[in-house]
Amino acid sequence: MQVQLRIRRYNPEKDKSAYWGEYTLNDANSNDSVLDLLHRVKWEIDGTLALRRSCAHGVCGSDAMRINGANGLACKTLVARLAEKGSSTVKIQIEPILGLKVLKDLIVDMDPFFEHYKSVQPFFINDTPAPENGRERLQSIEDRARFDDTTKCILCAACTTSCPTFWANGRYVGPAAIVQAHRFIFDSRDNGASERLQVVGDTFGVWRCRTVFNCTNACPREIEVTRAIAEVKAALVSGEL
Amino acid sequence: MAKVQTHTFDAVIVGAGGAGLMAALYASKGANVAVLSKLYPTRSHTGAAQGGIGAALGNSEEDHWEWHAYDTVKGSDYLADQDAVDVLCKEAIDTVIELELMGLPFDRFPDGSISQRRFGGHTNNDTGKPVTRACHAADRTGHMILQTLYQQCIKNNVNFYDEFHVVDLIRVDDTVRGVVAIEIATGEFHIFHSKAVLFATGGWGRCWEVTSNAHSLTGDGPAICLRRGIPLEDMEFFQFHPTGIYKLGILITEGVRGEGGVLINGEGERFMAKPEYAPNIKDLASRDVVSRAIYLEVMAGRGINGKNYVHLDITPETVNRYFEEEGSERRIDRAYIEAKLPDIADFTRTYLGVDPVTEPMPVQPTAHYGMGGIPTDIDGCVVLDSSNKVLPGMYAAGETACVSVHGANRLGTNSLVDLVVFGRRTGVHMASFCQETALLPLPENAADEVMASFEAMLKTEKGIKPHELRKAMQTTMTANVSVFRTEETMSKAMKDLAELRADFQNVVVEDKGKQFNSDLLETWELGCLLELAEVTAVSALARPESRGAHARDDFPDRNDEEWLRHSFCHKEGDSYRLDYKPVTLGRYEPKPRVY
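Chain order of the listed sequences is A and B.
Note that the working numbering has the first sequence beginning at -16, numbered continuously upward.
Note that the working numbering has the second sequence beginning at 5, numbered continuously upward.
No lab work stands behind these hints, which were simulated from the structure alone.
Check each hint, because a few of them may be wrong.
Listed below are the simulated DSSO-like cross-link pairs for lysine-lysine, each with C-alpha atoms no more than 27 Å apart in a straight line [claimed, not checked]:
#1 84(A) with 94(B)
#2 -1(A) with 518(B)
#3 516(B) with 84(A)
Which chain B residues stay away from chain A? Per the calculated CB distances, all over 10 Å, these [as the list claims (entries may be wrong)]:
#4 9
#5 44
#6 90
#7 106
#8 129
#9 179
#10 271
#11 302
#12 333
#13 337
#14 476
#15 486
#16 496
#17 588
#18 595
#19 598
Ranges between beta-carbon positions, derived for each pair [as the list claims (entries may be wrong)]:
#20 147(A) with 310(B): 28 to 38 Å
#21 467(B) with 205(A): 23 to 33 Å
#22 -1(A) with 447(B): 35 to 45 Å
#23 277(B) with 53(A): 42 to 52 Å
#24 113(A) with 468(B): 55 to 65 Å
#25 52(A) with 277(B): 31 to 41 Å
#26 116(A) with 565(B): 39 to 49 Å
#27 251(B) with 67(A): 24 to 34 Å
#28 158(B) with 81(A): 50 to 60 Å
#29 171(A) with 566(B): 53 to 63 Å
#30 123(A) with 584(B): 52 to 62 Å
#31 81(A) with 33(B): 37 to 47 Å
Since the structure is predicted, the reported quantities are computational estimates derived from the model, not experimental observations.
We put the beta carbon where it would ideally sit given N, CA and C, even for glycine.
Using the sequences and the hints, build the whole thing.
Printed below as a string of structure tokens:
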């Protein structure tokens, strides 16, 4: 099938402003991923196209992009999903994720995103002595299940950069950082909940969330992000985990 | 030459996967450390590891680290060094406990202990039956390890230089002085001046067409070593994982078979049970054995619909039928699969439109893991030759290193064990080395040579596209240096690769800019891959026997008398020289390998 690609291009060394690059691939397959198509453009048509990617199967989180107006991983978005029924031509528009500065083509500055991530103390806190028998801490299957969903996060930023609140104000800590906070707050082994709740309960924390659900829709790992945010809000209100 | 920024540290760690991060945590305790990665650390391919990390915790049944050691040695087809294997399996236990104490969210057994599952080649040594040894977090164990280690690095304020692509090692005689890196965002060259350097750069699966490896796995560390006079060990042994998604190569964890999944050929047979393959542990035989079986079934016309793939079946209907036949009480259902193998279900639904709960998955062997690599001792110290002469200050760990604990074929779960066990040992050794050693001066113009090579690459205006060369390399490696090899196929690969190396002189980089010039960096990576492909073919052609992942149609038997030894491939000018060192044996005498 034919794919018509519109790719948002910007090279800071040459371009005053961003523009749309248009490319046509005549022999694409319906099970090609958007990353496959971008590679074909880069490798066969225009070597200057810049994007991040690594694993190519949705686990490393490098290639979050805005694809036909919705955030997703390029490597996990297949042409078939973007095709209109009955049409032999697929039109795909690809832009960098929003809310972070574009550095070149599809590459954005991820530093603010990782700063928000780091602000929630995204690491296990438990200063009590390890078990004396030299073995692991025990955790029930139920306690482990309590935070399973948020352990899946790959820090791709698809959620945070789909959030209107984040677009409006980049100081909002954003869904991804809250997901990370959730992963530890609801881990029965972790003792850092109160410090983390303080961070996410702050002015630029969870209360900025307007439950738009963009984050949940954008998550390539199918994490129920909005629910995780709601659970953190509930913990803040009730003081209970 | 343009101005080069210089940074000074005690130690520089290149690569931020499991080995690099574990080493960083330990080295940071006694030295000023920088971690350089060409990616963001959480993008590293450790995160793609699925099924589990092996450790004889014995949480659900009897197990011993010595059993793990025997399985590892047998899995290696007796090429692993048994002193190193002892370290691996003994320290696996407290390293896994350490990961749990760092907060790693392992799945749990009902008693709250770490959940363990069966995995290929891991057995109860008394009964020969599969044993539950793979500690896991659903089917994203590697993801959890990578995240946990990165989290700990943040907690401990480790210095990261994200998106710094290391392109050279500064070596002066038998000392190292640091590395040269390109800051990807600006295209500027930087020198990291240090007492010690660790390469933890991962594998080179991108030499092949169908691979489970990330695009970034281009063997940068080993290629740089080769160019700086460090040999590569056992490069003929590259593992093909039996169950990659058909055509795409995406890994389907051995954990699927650990949970009861079976391989089925075009005639509906559970072929691994055939006497010529693995009648005892069937689908849970070592990876090399299973990959060869799939290949042979396909060659005999017994692929699915006569094509070059077979089915991996985890549907409760099939699995429970076999459980019943075997007299096992176990049963699985949809909820169990969704809980234990959620990512696998997601992959096959996304990429194939196949629901593994109701349909079998089409699979074929996929290039997966390099058993060989930069030769080291059990503390990660790089050795320069077959007499184990150490290059002080130079370290390697993880897939990029060859200790050797995997010998001719790595057992499933042991890559993750290798990362954390030898990452930790290397970090500890580096810290004490840095405390005992003074910083040696940088040579003048330390970055000039590599900068000139990049300038030369940018100057070529007319010639061949890097993509075409890469494709040609992957095609010849897949056709000729794959699950089975012969003198004829390997010679063909050598001829093709020599031509490609010549063509590489005329490769055209279209992007002449500085910022995020991935065209240029991918081309440089291609140069690394071409070299490693050649070393693989050279080392393979020189070994006239079949052992582990190196299976030769023209020499089908293992030859312990002459070939129970490790190869060392040295680059000398434009050619390669091989020499060998004996395997360190121990408790386990080589014997025929039957599963």
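Going through the hints against the structure:
no.: 1; hint: 84(A) with 94(B); verdict: 48 Å, violated
no.: 2; hint: -1(A) with 518(B); verdict: 17 Å, holds
no.: 3; hint: 516(B) with 84(A); verdict: 23 Å, holds
no.: 4; hint: 9; verdict: 19 Å, holds
no.: 5; hint: 44; verdict: 7 Å, violated
no.: 6; hint: 90; verdict: 19 Å, holds
no.: 7; hint: 106; verdict: 6 Å, violated
no.: 8; hint: 129; verdict: 23 Å, holds
no.: 9; hint: 179; verdict: 33 Å, holds
no.: 10; hint: 271; verdict: 27 Å, holds
no.: 11; hint: 302; verdict: 22 Å, holds
no.: 12; hint: 333; verdict: 20 Å, holds
no.: 13; hint: 337; verdict: 17 Å, holds
no.: 14; hint: 476; verdict: 13 Å, holds
no.: 15; hint: 486; verdict: 21 Å, holds
no.: 16; hint: 496; verdict: 25 Å, holds
no.: 17; hint: 588; verdict: 29 Å, holds
no.: 18; hint: 595; verdict: 35 Å, holds
no.: 19; hint: 598; verdict: 35 Å, holds
no.: 20; hint: 147(A) with 310(B): 28 to 38 Å; verdict: 53 Å, violated
no.: 21; hint: 467(B) with 205(A): 23 to 33 Å; verdict: 45 Å, violated
no.: 22; hint: -1(A) with 447(B): 35 to 45 Å; verdict: 43 Å, holds
no.: 23; hint: 277(B) with 53(A): 42 to 52 Å; verdict: 47 Å, holds
no.: 24; hint: 113(A) with 468(B): 55 to 65 Å; verdict: 58 Å, holds
no.: 25; hint: 52(A) with 277(B): 31 to 41 Å; verdict: 51 Å, violated
no.: 26; hint: 116(A) with 565(B): 39 to 49 Å; verdict: 47 Å, holds
no.: 27; hint: 251(B) with 67(A): 24 to 34 Å; verdict: 26 Å, holds
no.: 28; hint: 158(B) with 81(A): 50 to 60 Å; verdict: 26 Å, violated
no.: 29; hint: 171(A) with 566(B): 53 to 63 Å; verdict: 57 Å, holds
no.: 30; hint: 123(A) with 584(B): 52 to 62 Å; verdict: 53 Å, holds
no.: 31; hint: 81(A) with 33(B): 37 to 47 Å; verdict: 41 Å, holds
Checked against the numbered hints given earlier, this structure breaks hints 1, 5, 7, 20, 21, 25, 28; the rest are met.
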